[in-house]
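Chain by chain, the residues run as shown.
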Amino acid sequence: MPRFQLLVNGRRRTVEAAPGTTLLSVLRDWLDLTGTKYGCGEGVCGACTVLLGGKAVRACVTTIEDVGNLPVVTIEGLARNGKLHRVQQAFLDAGAFQCGYCTPGMILEGVALLAREPSPDDARIKREFEGHICRCGTYPRIIEAVRLASKEGRRG
Amino acid sequence: MARLPRPTRREAFETIGAGFVFQFVVKGAPGTQLGARLRFDAGGAVTLLTGKVELGQGSRTLLTQCVAEELGVAPGNVRVVMGDTALVPDDGGTYASLTTPLTVPVVRQAVAAARRMLETMTPAEAVKREIPVEVDLTPPAKWKTLGKPMANVNGRAIVTGALKYSTDVKVPGMLAGKVVRPEAYQATLAGFDAREAGKLPGVKVVRDGDFLGVVAPDEATAGRAASLVRAEWRAEELVAAAKLAGHFTKTAVAPVANFATRYPPLLERGDVERGLAESAGRHEAAYTLPFIAHAPIEPRAAVAYWDENGLTVLGGSQVPFAVRGQLAAAFGIPDRQVRLICCDVGTGFGGKHGPEVMLEAARLAKAAGKPVRVAWSREEEFVRSYCRPAAFIKVRSGISAGGGIHAWDFRNYNSGAASLAAPYDIANYRCAFYRASSPLRQGAYRSLAAVANTFARETHVGELAEMTDSDPVEFRLRHTTNARLREAIERAAERFGWGKAREASGMACNIEKGAHMALFVALDVADDHVRLTRMVTAFDCGAVLNPDNLRNQVTGATIMGLGGALFEELRYDAVKVVNNRFSDYRVPRFADVPAIDVILIDRREAVPAGAGESPITVVAPAIGAALHRATKKWFRALPFEKTLALPGEFRE
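As given, the protein sequences belong to chains A and B, one line each in that order. In terms of the working numbering, the first sequence opens at residue 1286 and continues consecutively. In terms of the working numbering, the second sequence opens at residue 183 and continues consecutively.
No lab work stands behind these hints, which were simulated from the structure alone. Possibly wrong hints are sitting among the right ones.
In silico lysine-lysine, BS3-like type, Cα no more than 30 Å apart, as pairs [claimed, not checked]:
#1 K1436(A) - K352(B)
#2 K1368(A) - K346(B)
#3 K1411(A) - K346(B)
#4 K346(B) - K1340(A)
#5 K352(B) - K1368(A)
Values in this document were obtained by computation on a predicted structure and should not be read as measured data.
Let's have the full structure, built from the sequences with the hints guiding it.
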């Protein structure tokens, strides 16, 4: 089996996996980072969203070869010393979930969006999040959470 | 997660901390020992034991509120253990929005009793006492925790990715299982060749009747092995969707009156045939709803293992004790030799009642002699689960010379009896649900048949309002004396600006599971596509226990409902389901959601009713009524966007 060197949540990890193994599988099955969820396996529901080189990608359609040297950040790697990232905090404050299964992917999409566009309007938020499904239907609160995090970011 | 050996009863409780518990298997009813329900830790924390489960509807948080309120402790000192059949009492299934009306009172009663006992005795003594049949609960005027917004107690675990769902559970030494499926929806196994699959290292092939599966050291190998098995299946033909109405009426079983059931299948008043004959005007129409999928965001998964005590399964189910019984029956062992440990679940919507994936994991684990995990793919979740029943509904009605509904003959074929009754004053009335045979597996769905029945009834009432040149709001108010329903309609109408709105707008109302509701919708139509512009809903479920969660539930149910109204349909050909992925089966997304204004009517004096399901019932008819304003046509078949492109089946 080929060996792959990965940088996940700031830690170097070595994984032996078959060529073509998905990043989702590596995270969940090899590294036990189960905060990244399986939802569809075709990159259309957003539950498996992680940051790859700072960009939001779907881990279920990203292969281990695609990762290369780019750093991977999962939901487990967002908080710093127990302090939640402002997007995580905003989801909590807005109560932007019910079952919470899609939430990690939503939060990482929000982190990536705010890094590119610190003050997105609602139309932009909706557009960027169009690849995500929340079956509980908490969409209005997710938009509110991203708005909250954006405001918090502008305040510094 | 560490593998949980089957504990003795005392040890079982030590796995969740030292405490005092003396009796376990009881119904959540008076006459039982306090210890079956509550455990007190030395540090002052309290643990509630319940057979209910958390699916995103907020039961864990609500029950935490109940304990905090009645015991007078901070919510942070309360833990809730849910759905582990070795630890908790059987509170019935988590369905039909029953946690609030049935479990909340039982839990509050036990906790209120505990508070009184603890004034005079130690926790160790109290847990041995029976819960008194009558206990005074904290009156709403004195509520400190109930009736106020409380954040989801799982919140921090959710936003950090720490919450373990069924799909996240692992036990040491666990193998991966994969079921070999036919392409067909229903098929029998004629033969198979597993020689290639068997050559893979560590792979075992298991056949049991029509069940064929593989066990492998890891998921990837299991998937490869399953794809290498050459199986020959004899497929069953499915009744075509276009022929469902005829099939349902042909196989229909006439209902008999039964008021001992939650949803009586036959309701009669006056003489409907005579009422129709003496009416000044008559109207007749048929309404159809397709099969739709629950499409829970978390596909089901389970880990099972066998040891000297029997079978243990970790997974997610809405009805842990019933599933325990089904697993026991499948293997011919007593219930007590099966332990089901339910995790919090990534939504169910009525779709996770069955033992399907747990049974598969248990079969493979038995054959392998090791713990086995089976996790369904999205395709399996769409096809191998069960779906919301399709419906064919016939309505005949009669209008009096004065413009009132004089006769009402309502027949639901196949889908169910929830919301069968019209919330209107009609002298001659017959509402009936006919069971029928279905080509697809079907079962519960959020609000059951209340979605279908409310769609047909409210659409038909809108048609009658039009026939009599009445305003739809005024027409409904004229037909009901129910003060709570009237208030819901009037308040939503006022906030919406009914009569002043420039957009195409429509409304619908309903009474279901003790909740009273009205929804107003505005939309526009372009290129056979419906764009919802705003919604106003008024919802009255009695005393509001957690307004923040209730608002979230009402909004969520409304959004879920617009999928079924506009575009959801599980499609199939002669033998198989064809849209089995999210790229083929559309569910509501951000762009589909309009501004939604929720008015909660909080009645502190009224018994709290369940609320997580019913708001979905008024979505399709309200949208349909607005579509009628936009197009001058009545849409009697869901989903609307499909029929939008098909003129011809509309009313002349």
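Going straight from one Cα to the other, do K346(B) and K1340(A) come out at no more than 30 Å? holds (26 Å)
Hinted pair, alpha-carbon criterion (30 Å max): K1368(A), K346(B). Please report holds or violated. holds (21 Å)
| For the pair supplied as a hint, K1411(A) and K346(B), is the alpha-carbon distance within the 30 Å limit? | holds (28 Å)
| said: Between the alpha carbons of K1436(A) and K352(B), is the straight-line distance 30 Å or under? | reply: Violated, at roughly 39 Å.
| If you draw a straight line from the CA of K352(B) to the CA of K1368(A), is it 30 Å or shorter? | holds (28 Å)
In summary, the one numbered hint that this structure violates is 1.
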